[in-house]
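> Taking this note's numbering, the leading residue of the sequence shown gets 1, the next gets one more, and so forth.
Straight-line alpha carbon distances no greater than 25 Å define the calculated BS3-like cross-link-like pairs of lysine-lysine that follow:
1. K365 - K447
2. K84 - K115
3. K91 - K115
4. K84 - K447
5. K84 - K58
6. K365 - K337
7. K447 - K115
8. K365 - K84
9. K91 - K447
The hints are simulated quantities; they were obtained by calculation from the structure and are not laboratory data.
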Amino acid sequence: MYAVAAYLVSWIGYVVVLRRYFHPLSHVPGPFLWSVSGLPILYHQAIREGQLMHMLPKLHAIYGPVVRISPNEVHLSDPANYDKIYNVGSKFTKDRGFYGPMEGPLKMPILLTIKSNEEHRMRRGQLNPFFSRRSVLDLEEIIWAKTRMLCDMMEAALDSDAKIFNAHHALRAFSVDIITEYAYARCWNQLDMGDFGAGYQEAIRSIQQFFPWFVHFPFLLPVFGAVPDWLNVWLFPPFRKWSESIATVGTAVTEVRKEIALDIKPSRRTIFHDLMDPPALDDDIEGKKDREPLSDDAVLADAVNVTGAGAETTGSTVGRALFEVLNSPAIYARLTKELREAFPDPDAMSLPALERLPFLTGIIKEALRLNPGLPGHLPRTVPPSGPPTVFNDIAIPPGATVSMSAWTMHHNAAAFPNPDVFDPLRWMDDDADRVRERERCLAPFGKGSRNCLGQNLAMAELYATVAAIFHRFDDLGVGPDFGREDLALVELLLGYHPRRARLFRIVRRRDVKEDL
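Work out the full structure, taking the sequences as your base and the hints as a guide.
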């Protein structure tokens, strides 16, 4: 027994010395424990519920712009390095050790987890046409119809006996209803549900809590994959909601497939009718009419990705924008004035015209800065062949992992003085160079060929909802007992509010019982 203990202690000591002093990254500054073990990341991600994104700026304040945060990973804070890693044509690939294990709980490879840049380019190329700016503008009718419905429901709730509107779940249901209408020609109508589809939204969140465990203990993956779903549900109760959400998406795909077999055409173009029936593609749509149909697994993976990706992110960012406007009478008054002067008739609002409003745009950008959908570190592997890559005079060898995070970029004090303050005017600065520097630091959707597929749709939803709500209502307030601490962001994979956070609700200001 003593021999075994002595062996383990010796082995641990050997690994610690090797990683700290003889590792190819031993010259990179960083805290001792982080440099010899992945446990600090696991602790801040899994045990402290997504606090890693908040720890990284603290580490950079101590160790500089290049910090070793695990035995084989370096995190960077200098925005000048971002394009080296994430730009179009970059040879840096997604770190398999980070993204691969996500396929365990997902039980399928989705666009986010594909390591090969070439494979990703081909897979994404089939989806890109549906999310181009032109395609999103073609959806304006749907977007505005859902926006009017959202506003009508808000007004009805505020005029009811309850006098309060559950904005948290409604904003997320709004996004789900738009994408399901576009994806399958079958809206899930979560806005009509009493709970606004809260169960589906919880399923998207709950599955992400497994990711850190699979990343740090990959030997669990084969076990998880081999265990039947019913047993996974018994062992991990949150998996039930995820399984149900996969089944719901699968049913939607099956219905589309049946319609294609019966030659039933949708009333308007949809994502999955076109993907599963390539000959139906118009000549002007990128993707080639003679391409091979996708496999059943690939279609389901794309459906899960398309349907779930925006369920939390856009709604969360809209919620941040609404809170900040409601919390500042000056911002509220200026935004309402800008909207009503530009559009005396609210039915005349259009997405291209809204994008030209400077104050509204400043509000949207600040909401994205403080509430990015992907706030955390995004690991990439340094190209295995070729010389080391130099970041801030520190050479990082081939095969090592480097990462940057939107949260750190968005809180760069040089670009964003008082970075924790919501200030739309910073985007209207007379100094064009300063604004360009801020734009360079803004990466809520990522950048380059791996940026968020649904960026154009998300921006359209942001502009439409914020504009419609504040054009229509000038007497809204934040619901009782809700404060800025409830908007704190944590990193699962997507950005979420903490479990303990109260739900964002809206009231009329005359119904608020305390001074906001």
